[in-house]
Amino acid sequence: MTVKYQEKPLKIVGTRPLRPDGVDKVTGRARYAADYNLPGQLIGKVLRSPHAHARIKSIDTSKAAALPGVKALVTRDDFADMPVEYAASGELTINFRDVTRNMMAREKVFYDGHPVAAVAATSASIAREALKLIKVEYEVLPHVIDVLEAMKPDAPLLHEHQFTDGVTPKPDKPSNVAKRMVFALGSLEEGFKQADLVIEREFNTKPVHQGYIEPQACVASYTEDGQVELWTGTQGHFVFRAQLAKVLQMDVSKIRVTATELGGGFGGKNNIYNEPLAIALSRKSHRPVKMVMTREEVFRATGPTSGANVKIKMGCTRDGRITAADAELNFQAGAFAGSSVGMASMCTFTRYDLDNVRVVGNDVTVNRPKVAAYRAPGAPIAVFGVESVIDEMARKLGIDPIDFRLKNAAKEGTQTYYGPTLGPIGFVETLNRAKAHPNYRLPLGPDQGRGIATGFWFNIGKETSSTVHVNEDGTVTLIIGIVDVAGGTRATMAMMVAEEFGIDYDKVRPVVGDTSALGFNFITAGSRGTFAGGMAAVLAARDAMEKLCRRVARIRDVPPEAVAWKDGRAQPAEGSGTQFKPMSLEEIAREAGRTGGTISGHSEINAEGAGPGFGTHIADVEVDRETGSIKILRYTIVQDVGKAIHPAYVEGQFEGGAVQGIGWALNEEYVYGADGVLQNPGFLDYRVPVASDVPFIDSVIVEVPNPNHPYGVRGCGEVPIIAPMAAISNAVENAIGVRLREQPMSPPRVLKAIEAAALATTQD
Amino acid sequence: MLASHRLSLAWIGRGVEIERKFVPCTIKKGSEMIEMRYEAPRTLKAAVALLAAANGRAKVLAGGTDLLIQMRSGRIDPELLIDVKCIPELRTIAEEKGGYRFGAAVSAMELVEHEGLARMWPGVIDAVKLIGSIQVKGRATVGGNLCNASPAADSVPALVAAGALARIIGPGGRREVPVEEIPAGPGLTSLRAGEMVVSILLPKRPQRSGDAYLRFTPRTEMDIAVVGAGVNLTLNAKGVCSRARVSLGAVAERVLLLPDAAAALIGQRVDAAALERLAAAASAACRPIDDKRGTKEYRIKVAGVMARRAAQIAVKRAKGEV
Amino acid sequence: MSKHRVTATVNGDAVEFLCETGETLLEALRDELQLTGTKEGCGTGDCGACSVMLDGRLVCSCLVLGVEAQGKTIETVEGMAKGDELHPLQRKFLEHAALQCGICTPGMLISARALLERNPDPTEEEVRYWLAGNLCRCTGYHKIVEAVLDAAREMRGA
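Residue numbers (our numbering), protein chains in the order written: chain A, 1 to 764; chain B, 1 to 322; chain C, 1 to 158.
The hints are simulated quantities; they were obtained by calculation from the structure and are not laboratory data. Any given hint could be a false lead.
[What the hints assert, rightly or not] Quick list of in silico lysine to any residue cross-link-like pairs, SDA-like style, CA-CA up to 25 Å:
#1 B:K296 / A:D675
#2 B:K129 / C:L116
#3 B:K292 / A:Q227
#4 A:K254 / A:Q227
#5 A:K206 / A:S692
#6 C:K3 / B:R57
#7 B:K292 / A:D675
#8 A:K4 / A:G423
#9 B:K59 / B:G194
#10 B:K296 / A:R749
#11 B:K292 / A:E296
#12 B:K129 / A:E626
#13 A:K152 / A:E107
#14 B:K292 / A:E626
#15 B:K296 / A:V677
#16 A:K63 / A:V292
#17 A:K547 / A:S576
#18 A:K411 / A:D355
#19 A:K170 / A:A184
#20 A:K507 / A:R542
#21 C:K3 / B:A54
#22 C:K82 / A:R749
#23 A:K57 / A:V136
All of these numbers come straight from a predicted model, not from anything done at the bench.
With the sequences and hints as input, model every part of the structure.
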């Protein structure tokens, strides 16, 4: 289902009203999952594996169970085994056989932090004491952390049943490579033949965490009649409900999930972790159970994104036309298959109009936590490599890096190598606007440099439903099923609905309904919130407006086609030749009860036609040659969002995404010891950027409308994180002539690269 | 290397009128009951008595910014917490013999806000400013920074360069020792059983003196020093360095005082050549480890850079240029 | 299990709560006093979400024991607005869209207010360094810094 874009004069869309959740958030009244408490509630805690890889020989919970105050314990024995069955969860695909093993280890533990048992007790301190009394006997197995190591034939094997999918003939030996995928267009051989310049490079990145400030939390109540009520911090309560029904073998109708205010997710709250344990503990204890993760648990056991090894080979002509592009992406999936390598493969070169392309992706299991989506899952990793190689080509040929990209830029009609042909897009516009930006011409000092990089993200639609209630006083309640993951979708949807009705923004109250309020809604992922949620809200409003018009036809005794909705009122339709006294929303609402009952509008759609988003970034850096420290001087984002419903919230996505990208580029990484144990599970040594690390971010919003959305929206949340790693690396090269192909570009690594380059120069 | 820079001692709340003796709190551990008690003595004598009686099962609580984290992670499990923030000697900043004495439980923010200290020992105060966030400095103490014995503690190299003396009290009475003698290794001090640090003396300084502390961290804030360097020097009327003390943090099992590096400055005008010799001596003195915060070779290289840059600031301060 | 009985002043009100020795002031505020506006992001003093004022000092309430609060004055986000009137910082955070998920917002506001109380006219750099102890993962800090600078301007009457 799509709704076509119509240009029209706008009163509300494009303005900057305050978010409906704002006052609660600045006064401390907003309720996040950890702020919920139920009478009689117990506290649940999880015992986690201290080993990277081990077989569980036995679990003895008897001493813990005997501790006064302990009310329930669960282990693998309390959950059913699940067959292989795939489902979508955010951008990634999950397999229920793995989901049930990730939430509670069965035969083996696969990573440091893997849950082994959970306990519910009358206090947190008793629950913690109980964990110490659980005896687990392990047979420690060899482990593998690095993706290339894991791909070797003699590597320690995680899953004996895993044979590489996507290769023919079917392999006869199990492998850590869960899947191999190939996307291709044209002929690489032909393409490289035409090339005057061929560059082949290898890149390596470490896993990074979404780093939301709110640790996962939930409160579960399994009632005496077998119903579940769950309050949890999630990006998709309907998807959680579906997954819980599966792993707990319950009817979907018996589970009601309320999405609480969410303290950040970025893809990391697409998956269930403690929720099934809390429900199982509640069922056993006959009391509500609250579980809140510690920060250490968040780092050890919830989804980072993949670390990866990336090989890029590209060829171009002397005048800068790319003739061939080849990539191999080797992605860590963590303990279970299903990384973002597929997404990354499709994003690798999709900013350019290319004839000869091949991308090979490998999804590789290693002894780390199962990866989760992270803002434009996988794309930044692949783009780091491609945009670095393009920068090198442009430099070698003496072509301005933006001109080089303009020469190859994807536009409407470009055939992608993964299938679709692109519709109207704004990539060229972002390049031109970046080139014209004053920041692109600012003079640079010694050891300062400027880098360009670009990003592409599909954006998605999917199942979405919404209801609009016209209240008896003419105000509107908008029920949405898409979790407002912080970007402000409650505000943007209310703005679109107010625009449709022609009423004030503050007359529309948006509420995220629980899973009993609406039909299934897909998770907030893929930058679909304002696109798909907005489309559903607009359709619900239009449905209500149609009913309002019919009601007025009845009240005024005119034919239904003679009534049209305009400027907040039901008015005589143009050209209908009928005359009657228009009725405002408020007037109709007051009479609704006695003229046929309450009026509500609904929509249940599978939104299609998401418009791809493109961005061009300019990074300015200064490098301290003696310490290897990189300072971000300026950062500029130019991005096509289709239409900025609320420009301040679009800027917020640019600024937040850019700074996450800067953190990824400079200092964020998972550090494992030789024992396979995570060494930096805290915000002290997992270094997300602090306020003094970054400058103001300069945002330029480009609006090339998406033809498949009533207001032209594309989605904007993910593109901003894609380019920073490459832009910063290119800027460092521009500053000091040293190219970094390892992430993070932390000071020790930069200094080493500087010294290696100096040595190479001396030897020349 | 110790995971944390933070302090195990801290500041007192104003207006604590009475000595509090709470009912011991108990936590069940299997079948045995372990008491975790809390005491807030008002005199040194009472604190020493509690510490001595606890047979090593007590922890001194000042700022708590290291201690609480160690307790939470399960790394330590004390039976008694002795909150020393009610003891006046640990809470005062006072001039003494032309220098300053400050209590071991004075908070970092109180030190930062003290104008006299910042004027006389700007390098020490620079170091104290680097101890964690504003929030952490609101609680953390220099006494704790010292006794937590992290090799990467920010205030310690600056104190060592300054020639600070620590006053210690214990069952055997009082003694004064140079600060560099207190840390013995990661998490270990030379304090004897039942001893605690009461206060620290920053001595009077000659004219034309300057000190500085610089550290390297990947982020601008909220980080543990990968390398820290303290330099304290005095110039004579002709601008020649007559006295110098140089120290390094995070490059060995404890903070190091580097006589060889100081020798590179003494008798010199502290020109580029002297600074290069200083940097080389500093790098040569390092015996670091590889860890999640930095590699050996990186620490060795950057130690020299930090020492050189700190010396340049110290010289400017000695000349009254900043 | 025997507990300490602690009396303190929170946002101007005399309060009393029970806590174990190992419990933090943050736990006491959230679990005993139901003041859930103060958030826990890390429990190790690295994120600042639990920032409160303790006898006029900005601290992480996760690094203070509940028992240490005896006789002390504590200010949390719940006490920032006066009646119907939001604190200028709260208003500016809203106007500048300086919050997204909002989990860091209470700590950020308490921290920013402490800054403006001692420095009514901070530079951008001073704001950034003061707020370095408060992590935000949504905003990239841009609009937060703008909001603080704008609130400072308004509070100075400039």
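Which hint numbers doesn't this structure obey? 3 and 22
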